[in-house]
Amino acid sequence: MARITPIPNANKEIAQLANLDDKELVDEVSNRNQNALAEVYRRTGAILVATAAKVTKSQQLAEEVVQEVIVKLWNEPEKFDSTRGSLKAFLLVQTHRRAIDLVRSEVARTKRQEKVASFKENESTRFEDMVVDQVQMRSILIALANLTEAERMAIELAYFHGYTYTEVAKILREPDGTIKSRIRTGLRKIKETLEREKSRDGVQDDSH
Amino acid sequence: MGFRMTATDHNIYEELVAPYAIDALGEEETSLMEEHLASCDNCANEVASFHEALAEVAPTAQVDKHDTLWAKIESQIAPKSVDETGGSIVDISTRRRGSIWLRPSSAVAAIALVVAFISTATAIGMNSSKASFVKNNAAMESQILANAIASPGSKMLHLTSASNKYSLDIVITKDGKAYITGGDLPPLNGQKSYQVWGIRGNGMVSIMVFGSHIKGVSFSLPSDAGFAQIAVTQEPMGGSPAPTSTPIVSSVY
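Listed in order, the protein sequences are those of chains A and B. Counted from 1, the first sequence has number 65 at position 65 by our numbering; the numbering is strictly sequential. Counted from 1, the second sequence has number 339 at position 131 by our numbering; the numbering is strictly sequential.
Source of the hints: derived by calculation from the structure; they are not laboratory data. Check before you lean on any hint, since a few could be wrong.
[Unchecked claim] Covered stretches of chain A, as calculated for chain B (at least 3 residues, CB under 8 Å):
hint : segment
1    : 16 to 28
2    : 38 to 51
3    : 82 to 91
4    : 146 to 153
[As the list claims (entries may be wrong)] Listed next, the in silico BS3-like pairs over lysine-lysine satisfying Cα-Cα at most 30 Å (straight line):
hint : chain 1 : residue 1 : chain 2 : residue 2
5    : B       : Lys280    : A       : Lys72
6    : B       : Lys373    : B       : Lys400
7    : A       : Lys57     : A       : Lys170
8    : A       : Lys79     : B       : Lys382
9    : A       : Lys189    : A       : Lys170
10   : A       : Lys88     : B       : Lys373
11   : A       : Lys23     : A       : Lys189
12   : B       : Lys280    : B       : Lys363
13   : A       : Lys23     : B       : Lys400
14   : A       : Lys57     : A       : Lys79
15   : A       : Lys57     : B       : Lys280
16   : A       : Lys88     : A       : Lys198
17   : A       : Lys72     : A       : Lys23
18   : B       : Lys280    : B       : Lys385
19   : A       : Lys88     : A       : Lys57
20   : A       : Lys72     : B       : Lys363
21   : A       : Lys72     : A       : Lys57
22   : A       : Lys88     : B       : Lys280
23   : B       : Lys373    : B       : Lys363
24   : A       : Lys23     : A       : Lys198
25   : A       : Lys57     : B       : Lys400
26   : B       : Lys373    : B       : Lys385
27   : B       : Lys385    : B       : Lys400
28   : A       : Lys170    : A       : Lys23
29   : A       : Lys88     : A       : Lys189
30   : B       : Lys382    : A       : Lys57
31   : A       : Lys79     : A       : Lys170
Virtual Cβ for every residue (Gly too), placed ideally from N, Cα, C.
Please take these sequences and the hints and turn them into a complete structure.
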């Protein structure tokens, strides 16, 4: 884990900050406590950088995106509403959107359209063969969620490659409605598995 | 676009909640969806729940490699900090007190002053004014490190222990100036110092000695020195002519 150098004489020590919940931590950020922002980075930096890198395919762009997102939290901490979700999810959404914006910029758009068209023309190439090394979300949760390969692929093409669902439909040569449905079914499976696991963890915690 | 939304049928929006949650809608659908979400708690809640689920399955990276990223973030937020003596937001460019900051003519001199000042301030106990001064010095220190990292031709060296428990990150500029940007070393025991060694041929060459404040420490590391590896050991305070212990961290140079 990265060592984040504390600011001397900060309002709260790093050890104390590590015990704060999301709301308390962002309140500290609102108080201009740089150590609080360092704690935010410590908690979320790894997944933000990894996600941005998967989307942009560039470590440098990924770091620029994450830098922008973390600095934005410093400048506008009031944008985070703890009643609407976790800080990790909030920052991940910001990071993903910014990364997607870059991928869908004008220059990138032309290349993407050419890529989508090439899938249509080359009937002998299966998309699955081309993304065989791009397994992205093989977490335990995904395994438990029991997504079909078609659902996983629809979600990953959109989430990590920046394609809209209509572009995914063209790539996979399926109707738009089928892709929308696969994304929804896949996400609901992940969500339900997550809720089930949390509920089970809660029961185990209570029994201690 | 494969779908044009003109109706306000809730079912239509409902179908788009999942693609919206993963940013898979086109621009027009995205803005229509956002209008809908502002007035539909059910859909907004479902989007939020999908975002939580995605955060749980998101990939992860080795944070160790991104300590330089934190240095960049820190340099961006550092210019404006809370002035503990007055409570107002001030720019450090207007906070350089006294003439000490006018004298250093190079980044290296500035870092040496920062390190020396922080050590002294810690030893004598900081009052609020000094604490504020140190905080601002730390901001300048971060700025210098960020500049070194961003300078053309600079490279990072990540020294680690065999078990990866300890590490040290060094940025080396094209002209051979090296700065420690961060790391995690075991505490110094008693009268000890850390010592950096360059390993070449059949010997180890002492490069420099430093204490427990590691960030911002600077030294010279010319690219033509011919070192195959860089290592750090703990030595008697002030350093040793030859290593007396095995390296804590090391890296191929």
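Tested hints:
1. Figure legend: the segment 16 to 28 of chain A, annotated as covered by chain B; annotation inconsistent (0 residues with Cβ-Cβ distances under 8 Å, at least 3 required).
2. Only residues whose C-beta sits within less than 8 Å of a C-beta in chain B count toward coverage, and the segment 38 to 51 of chain A has 9 of them, enough to reach three; the restraint holds.
3. Taking a C-beta to C-beta cut-off of 8 Å, the segment 82 to 91 of chain A contributes 6 residues in contact with chain B, enough for the three needed, and the coverage statement holds.
4. Three residues within the 8 Å Cβ limit are the bar, and the segment 146 to 153 of chain A against chain B gives 0, so the coverage statement is violated.
5. At roughly 14 Å between alpha-carbon atoms, B:Lys280 and A:Lys72 fall within 30 Å of each other, so this suggested pair holds.
6. Restraint check: the Cα-Cα separation between B:Lys373 and B:Lys400 comes to about 20 Å, which is no more than 30 Å; the hinted pair holds.
7. Taken as a hint, the A:Lys57 and A:Lys170 pair is honoured in the structure, with Cα atoms around 22 Å apart against an allowance of 30 Å.
8. Under the criterion of a C-alpha separation no larger than 30 Å, the hint pairing A:Lys79 with B:Lys382 is inconsistent with the structure, at around 41 Å.
9. With a C-alpha separation of about 24 Å, the suggested pair A:Lys189 and A:Lys170 falls inside the 30 Å cut-off, and the hint holds.
10. Between the alpha carbons of A:Lys88 and B:Lys373 the distance comes to roughly 26 Å, so the proposed pair stays at or under 30 Å and holds.
11. For the proposed pair A:Lys23 and A:Lys189, the alpha carbon gap of about 28 Å is at most 30 Å, so the pair holds.
12. With a C-alpha separation of about 15 Å, the suggested pair B:Lys280 and B:Lys363 falls inside the 30 Å cut-off, and the hint holds.
13. Only pairs whose Cα atoms come within 30 Å are accepted, and A:Lys23 paired with B:Lys400 is rejected, the gap being roughly 42 Å.
14. Our distance criterion of 30 Å between C-alpha atoms is met by A:Lys57 and A:Lys79, whose separation comes to about 28 Å.
15. Taking the CA atoms of A:Lys57 and B:Lys280, the gap is near 21 Å; set against the 30 Å cutoff, the hint holds.
16. Proposed proximity of A:Lys88 and A:Lys198 is supported: the alpha carbons are some 16 Å apart, at most 30 Å.
17. A threshold of 30 Å between alpha carbons decides the hint, and for A:Lys72 with A:Lys23 the separation of about 16 Å falls inside it, so the pair holds.
18. Between B:Lys280 and B:Lys385, the direct Cα distance comes to roughly 19 Å. Compliance with the 30 Å bound is thereby established for this hinted pair.
19. Restraint check for A:Lys88 and A:Lys57: the C-alpha separation of about 21 Å stays at or below 30 Å, so the hint holds.
20. Distance check on the hinted pair: A:Lys72 and B:Lys363 sit about 28 Å apart at the alpha-carbon level, within 30 Å; holds.
21. Only pairs whose Cα atoms come within 30 Å are accepted, and A:Lys72 paired with A:Lys57 is accepted, the gap being roughly 23 Å.
22. About 21 Å separates the Cα atoms of A:Lys88 and B:Lys280, which keeps this hinted pair within 30 Å; it holds.
23. At roughly 23 Å between alpha-carbon atoms, B:Lys373 and B:Lys363 fall within 30 Å of each other, so this suggested pair holds.
24. Annotation: proposed proximity of A:Lys23 to A:Lys198 holds, straight-line Cα distance about 20 Å (limit 30 Å).
25. Distance check on the hinted pair: A:Lys57 and B:Lys400 sit about 45 Å apart at the alpha-carbon level, beyond 30 Å; violated.
26. With a C-alpha separation of about 27 Å, the suggested pair B:Lys373 and B:Lys385 falls inside the 30 Å cut-off, and the hint holds.
27. Taking the CA atoms of B:Lys385 and B:Lys400, the gap is about 25 Å. The hint holds against a cut of 30 Å.
28. Restraint check: the Cα-Cα separation between A:Lys170 and A:Lys23 comes to about 42 Å, which exceeds 30 Å; the hinted pair is violated.
29. Of the pairs offered as hints, the one joining A:Lys88 and A:Lys189 holds, with about 20 Å between alpha carbons and a cut-off of 30 Å not exceeded.
30. Proposed proximity of B:Lys382 and A:Lys57 is supported: the alpha carbons are some 27 Å apart, at most 30 Å.
31. About 36 Å separates the Cα atoms of A:Lys79 and A:Lys170, which puts this hinted pair outside 30 Å; it is violated.
Of the numbered hints stated above, those contradicted by the structure are hints 1, 4, 8, 13, 25, 28, 31, listed in ascending order.
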